[in-house]
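Trainee: So the sequences go chain by chain: C and R. So for the first sequence, the UniProt record's numbering puts the first residue at 1; every next one is plus one. So for the second sequence, the UniProt record's numbering puts the first residue at 1; every next one is plus one.
These are computed hints drawn from the structure, not numbers from a lab. There may be inaccurate statements among the hints.
To be verified - Estimated spans, in silico, between C-beta atoms of each pair:
no. : chain 1 : residue 1 : chain 2 : residue 2 : range
1   : C       : D284      : R       : V68       : 43 to 51 Å
2   : C       : Q117      : R       : E109      : 27 to 35 Å
3   : R       : Y95       : C       : E381      : 56 to 64 Å
4   : R       : E109      : C       : G270      : 31 to 39 Å
5   : R       : Y89       : C       : T280      : 56 to 64 Å
6   : R       : H93       : C       : R165      : 56 to 64 Å
7   : R       : L145      : C       : I195      : 27 to 35 Å
To be verified - Dumping the calculated SDA-like pairs for lysine to any residue here, alpha-carbon to alpha-carbon at most 25 Å:
no. : chain 1 : residue 1 : chain 2 : residue 2
8   : R       : K280      : R       : A173
9   : C       : K219      : R       : S131
10  : C       : K82       : R       : L98
11  : C       : K369      : R       : A173
12  : C       : K245      : R       : D136
13  : R       : K241      : R       : Y159
14  : R       : K90       : R       : V150
C-beta atoms are modelled at their ideal positions from N, C-alpha and C, and glycine is treated no differently.
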Amino acid sequence: MKTFKKTSLAALMGTSALISASVMANDGPVKLGLMLPYSGTYTALGEAITNGLKLAIEQEGNQLGGREVEYVQLDSEADPSKAPQNMSRLVNGDQVDFVIGPVHSGVAMGMLRVAKQTGAITIIPNAGLGAATNELCMPNVFRTSFSMWQDSYPMGKVAYDQGHRKIVTITWDYAGGKEDLAGFEEAFTAEGGEIVQQILVPFPSTEFQSYLTQIASLKPDAVYTFFAGGGGVSFVRDYAAAGLKESMPLLGSGFLTEGNLAALGDAGEGVMTTLHYAETLENDANQSFVSAYENAYGEMPDTYAVQGYDTGMMLVQALNVLGGDTSDKERLINVLANVELASPRGPLSFSDSHHPIQNIYLREIRDGKHEVVSIASENLEVPDEACQM
Amino acid sequence: MDLAFFSVQLLNGLQYGLLLFLIASGLTLIFGIMGIINLAHGAMYMIGAYLVYDLTLRLGNFWLAIMVAIPIAIALGLVIERLFLDTLYKRDHLYQVLLTFGLILVLNEAQRIIWGGNVHRVVVPAPFDFSIQLTDNMQYSVYRLFVMGVCLALAGVIYWVIRHTRLGIIIRAGAVNRDMVEGLGINVRTLFTLIFSVGVALTAFAGMIAAPLTSIAPGMGDSILITCFVVVVIGGIGSIKGAFWGAIIIGMATTFGAVLIPSLASMVIYLIMAAVLLVKPRGLFA
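Please model the entire structure based on the sequences and the hints provided.
Mentor: Take a look at the structure:
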C-alpha cells in the first residue's frame, strides 16, 4: 500500500510536471536562437539579419502569437568547425523554439546535421547552398533567403537577350561560387550562348590583376561573376580601373554589389546583377519597410536585412495562426510551410522543399542605387529534384 | 598569350611582388633579428588601411592622412613592444606566438568596434587618379605604377641602411648572433624597440598605400599574412635581400600560375616554397 501510494504520488507529480512544462512551453516566451556571425568577415550580414528580424517582431508589439519573445544570440563566428557544437548548445542547452541561422554555407552543413538529429525547427536566413533544401532537405528546415542557383539562373537568359554570345565567367574556387556559376551557365548555354572560359580564383584572394589581363586577351562579349563582400568590391573596382567595363559589360549575381554601394562608388555604375531584392522596389511593403528600417537603424536596408525581416514575418504569421501554440510540432511545420507573405521583395511563398518561391529582379546600378530594370524571372521555383520528405 | 599580354602580366607580377616585399620586409626584420614570429603582422597591414581610410575622411586628403597615420603606426609598434613583448623575451618562442596570436584577435575586434563590419574604399588620390592605355582594350591605373615606384624606393632605402650604415651593421650582426652583439656593448633592448616599431610601420604603410587599390574590409590582413611568411621563408629569415627576391618570385608565380596552371593556382606558392626548402633549407639568401 505504502509503495503504491509513493508510486502514484510520483506519477501524479510526474504528470503535473509534464502539464506545467507544456503550459510553460505555450505561456512562457517564444525563444528564438540566433546563430549568426557577430564577428569576422560576415559581421555586417549577421547584424543586418538580426536588425530585420527584430524590426518585424517589434512591429507586432514584440510578441509572437500573443507570447513574449526572448532572443538568444550566439556568435557563429562563421566557423564551420564550431557549428554542430553551437547549434547543440542552442537546442539542448538554451532549449530554443526556433534556430535562426546561419549566414555561411559551411556553418549550415554543421547545423543541418544537428537539425536532423534533434528535429529542431531551423530557419536559414541567408546561406545559399543548394543542398540545404535539396539532397539534405528535411521537414524541420526552412529557408527564407535564396539559393545560389535561384539568383544566377535568370541572368543566363537576360545575358543572351542582351545580345551576348561569348561570356567569360569568374568566381572564387569554392562551393558557393561554383553553384552560382553553374546556374548562370546552365541557362546561358541552354539559350545557345557559349562560355569561353570559366576562371576560378583561389579563395579568398582579391588579387585580380592577372585574371583581368586574361579576360582582356580573351575578348568576350561580357563577363559574368560571383564575388561577395570585400572581394566583390575589389573585383568591380579593378574591373573598372582596367577599362574593361566599357567594352565588356559586367554582369553578376546581386551579391557582387549588395550592401557595398558606397564602397563601389563610380566603379559600380552600370553593373547589372540579378537578385531577389532591390532597395528601390516600388511596392507598399517595401516602401514602409525601408522607411521603418531607416528610422530604426539610420541606414538603408539591404537584402540581408529583408531576409531577416521576412524570417520574422514568417514567424509572426505562423504563430498568429496557431495562437502562439508551438506544442504540436507537426502542425507548426505545416503552418510554416503554408506561410505566404507580401514581402518587401514581392510575393513570397514556399515550395515543397521549403525554399522560397520568389521574383528575381534584374538590377542596374544608377547613381549609386540598385534600380530595377525588369523582373528577370517571376515566381521562380527552385527544382530541388533530390528532395524527398 | 601574345607578347603584349605577356608584358602586362609581367607588370602585374612585378607590382604584386613589390607590394608583397613591402609587407614582408617588416616581418623578416622582426623575425630575423628579434626571433619573434609576429602573427599579428597581417592585422597591422589591415590597421594601416583602416587608419588611412578613416583619416582621409576626416582630413579630406589622402597624402595628409598618410602623414598622420605613419606616426600612429610607429607608436602602435612602440607600445606593443614595450608593454607586451618586452616581458616575454626571456621566455620560449611559444609564448610570443601566443601573444601575437592574441593580438590578431584584439586588433580585429578593435577594428570591428571602431570601424564596423562594412566594406569601405579609399578613392585613388590626385594626381595619380587616371589610367593609361596598355593594350587595345586594357588600361592600367597610374596609381599602381606610383605604388611600384614607392616600393622600389623604399627597398633601396632599406638596402642602403642595412649595407652602408652603422645601424645596418648592428642589424646584420644581430641577425647572425644576438648574444655577441650584446656582448659588444650594443643596447639590444633599444634595438629591438626600434626594429619592431619600424617593422610595424613598414607593414602598416604598405596597407596605407595599397588602400586605394583594394577594398578595406574586416580580416583583410589574415590572408596576406600567410603569403608573407612564404616570402620570408623562401628568401631566408632575416634577409631583406631575400625578402625582396622572394616577394618578386611569389608575385610572378601567383600571376603566371593563375593563368598558365589554373588548377594549381592556389598551391603554386607552396610548391615553390617546398622546392626551395628542399634545395636550400635556410632559404635563398640566408
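Trainee: Look at each hint and say if it fits the structure.
Mentor: Evaluated hints:
1. C/D284 <-> R/V68: 43 to 51 Å: 49 Å, holds
2. C/Q117 <-> R/E109: 27 to 35 Å: The hinted range 27 to 35 Å holds for C/Q117 and R/E109, with Cβ atoms some 33 Å apart.
3. R/Y95 <-> C/E381: 56 to 64 Å: This hint holds: roughly 57 Å between Cβ atoms.
4. R/E109 <-> C/G270: 31 to 39 Å: 37 Å, holds
5. R/Y89 <-> C/T280: 56 to 64 Å: 59 Å, holds
6. R/H93 <-> C/R165: 56 to 64 Å: Given a distance of about 59 Å, which is inside 56 to 64 Å, the answer is holds.
7. R/L145 <-> C/I195: 27 to 35 Å: Given range 27 to 35 Å: holds, Cβ gap about 34 Å.
8. R/K280 <-> R/A173: At roughly 22 Å apart (the allowed maximum being 25 Å), R/A173 and R/K280 satisfy the hint.
9. C/K219 <-> R/S131: 20 Å, holds
10. C/K82 <-> R/L98: 21 Å, holds
11. C/K369 <-> R/A173: At roughly 58 Å apart (the allowed maximum being 25 Å), R/A173 and C/K369 break the hint.
12. C/K245 <-> R/D136: The given pair, whose Cα atoms are some 14 Å apart, holds under the 25 Å limit.
13. R/K241 <-> R/Y159: Between R/K241 and R/Y159 the Cα gap is close to 8 Å, so the pair holds against 25 Å.
14. R/K90 <-> R/V150: Answer violated: R/K90 to R/V150 is near 37 Å, above 25 Å.
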